[in-house]
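Number of protein chains: 2
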Amino acid sequence: MNYVQIEGGVTAPKGFVAGATYAGVKNPDKKQEKPDVAVLFSETPCAAAACFTKNKFCAAPVLLGREVLKKGKARGIVINSGNANAATGEQGIKDAKAVEEAAEKLLGLGEDEVFVCSTGVIGKRLPYERVIKGVEAIVPNMSKEKGTDAAWAIMTTDTVKKESAYELALSSGTVRIGAMAKGSGMIHPNMATMLVYVTTDAKADPKDLQKMLSAAVDKSFNMCTVDGDTSTNDSIFLLANGASGVEVKTEEDKAALAGLVEHICLDITRRIASDGEGATHLIEVEAYGLPTEQDARLVAKSIAGSSLFKAAVFGRDANWGRIMAAAGYSGADVDPTRADCYLESAAGSIQVMENGFGLDFDEVKAKEILSEHDITVIVRFYQGDGQAKAWGCDLTYDYVKINGDYRT
Amino acid sequence: MNYVQIEGGVTAPKGFVAGATYAGVKNPDKKQEKPDVAVLFSETPCAAAACFTKNKFCAAPVLLGREVLKKGKARGIVINSGNANAATGEQGIKDAKAVEEAAEKLLGLGEDEVFVCSTGVIGKRLPYERVIKGVEAIVPNMSKEKGTDAAWAIMTTDTVKKESAYELALSSGTVRIGAMAKGSGMIHPNMATMLVYVTTDAKADPKDLQKMLSAAVDKSFNMCTVDGDTSTNDSIFLLANGASGVEVKTEEDKAALAGLVEHICLDITRRIASDGEGATHLIEVEAYGLPTEQDARLVAKSIAGSSLFKAAVFGRDANWGRIMAAAGYSGADVDPTRADCYLESAAGSIQVMENGFGLDFDEVKAKEILSEHDITVIVRFYQGDGQAKAWGCDLTYDYVKINGDYRT
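From first to last, the protein sequence lines are chains Z and L.
One gets the working numbering by counting positions in the first sequence from 1 and adding 8 to each.
One gets the working numbering by counting positions in the second sequence from 1 and adding 8 to each.
These are computed hints drawn from the structure, not numbers from a lab.
Any given hint might turn out to be false.
The list makes no distinction among identical chains, and a pair is therefore deemed to hold if it is satisfied within one copy or across any two copies.
[Claimed, not checked] Straight line, CA to CA, 25 Å or less: simulated PhoX-like cross-link-like pairs of lysine-lysine:
(1) K132 <-> K375
(2) K373 <-> K409
(3) K79 <-> K262
(4) K375 <-> K34
Same shape as in the complex, but just chain Z (with noise of 0.2 Å):
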């Protein structure tokens, strides 16, 4: 590929900024741990594109998203953690739109130039003048150095902030993108959720952008489960300033740009899921040979969200057997006569089931492939050309333990 990673995040694109504070989102009376407030900013005009949740209890911020997306002109986006703003009725609207409109006249933009997301607690009231406090003292003091603190200021539960950065090379010269995000499990406790920000320099049409980002999310974010809960919050940005001064017009150039949004997708989904609540393992599953892409993904996402598959794996157990029943419940259409089942990592690989008959394998070998941190299951069947990968992560202990003792 075209492209090569380089250092930092969401302000490694040209004419972008950004900027975090503490701003006691959570509870005011708490010593400051961490920010909880980020903004970040294209100084020139920027082509925006969106994904939001499908969960129907989606959270006030989720709303006023999709009326700022229309527009497709948002050049600003304000991020807090402590308060998803979610379950909060007609005042939650009322309350993003405080924070929205008061980031849009401190930042000199006009209307519906500036998304709001909320990530944390649901069903609390947003603590907006704290927010709209935070965004003040950010403002005047944003900078391209300060796109990782934003990184910082956006993460709950997470155990490990989330950036990465790549240059691309266009038949018109160079462009870059970065990307942002927070999310330790597809649905986080009531921490709601994954939220994930992209940018580049590059000048592109809304319209390619929202292609290229509805096509990278469906073929990563959508095939990542931590716990099979969809969160209320969910929502993944594309904005493009063309500072580079590098338009992306031809259909090479643009597949280039598509290719490497999807890559940064497919990195950003690998960091969530490995940083899974409470996960020891990262879980790939590859499913090959189904009738159709859709089989291959309702049998690859069934895999990578069993339950008893998840707890085999943080038991270090080659259950295959489990595996075999989640691709038979899928809904998929599977032939189960015909069906070859592999386990890999760095220790090596191993093949458990034939022809849909399960081998006598060496157990050693496999305790020790699945000893590995990354993980991946293979499934192959004989029906068609239909293919799919989905991520997961184990189901361990402190899965149980964040999400018994969360709230209180």
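Since chain Z is already given, all that's left is putting chain L on it; use the hints.
Frame of chain Z, contents of chain L only:
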């Protein structure tokens, strides 16, 4: 209702006998712990109904059972624990057929008069000769009293035996109905999994029986989830031998018997959820006011199956945000702006959400409510008359332990 609970299980109705023995199905070298082969037999011809798992990787006995069911005249059932005879290919079907034919001979029956059921580890060949030896030992010594031995023999990781029986007054006389079951999860690890046997001495048409059974299963077992994993072996059977001399002919009597079949299925459903792997709570979810019954079923099952909510119940945390998030991603047509939510148990009732907005509730009271074993979650919408109930259990450290550690 015009029925009363009586002692016993599948042999409580007239004309049914049973027996069980230890045959070393899982491991012949292991010291005998509990019986692992059971036979259930009707002394007179039967009408038979059954429902089987929809998992495409269904086990050999399920494939065979579907064939036997077509004749609708089965009067014997052989059940082994310790080996599921699933993912065993053509050989598995031959092995199950060998058990069926041997049992038919030993019981003096004709072709397609015996169902064979297996439960246990997936992917290992069934030691069918050992199962047949078990049947040989059981058949000469079957009795009404040994119904409870059969209930014991079919258990795998179940912690309690599951039997119940009722007597029902119909217009032309009294009939009895009895049941036994195994299952400690919707799917049990690669212990595959839920098996339920219902007998009655009523005389009824097989088509009527199938209708009653399918309707009851839909309201009970199909609304029960422990971990979202659908087994390769789930099967439920209803045998009616007419030994009471009472024929179920009038619509009123059919409705009465159907009501009791549903009642006994709900009874077993609650016991299975309650005995879910690692469970410390039985969770009943009631959904009201949805546009359709199907919407209500989706909402109730989605809540009962949410890993996040299940972990919260384990932690006695009234985390209603997770309840409403699960309703939101259920796929049902839900209006989040008009929804109420209550938590109830023997310790009282508390409203946690009103009109889609979280209430400030008494956390101490909520913890008291969630400290009971049996918990009820009520979600009420205002969109129509659709209502449904679902059952599940909490997600605990022991679930992870049992399933991280099962096979090896």
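Taking the earlier hints as the rules, which of them does this structure contradict? Those not satisfied: there are none.
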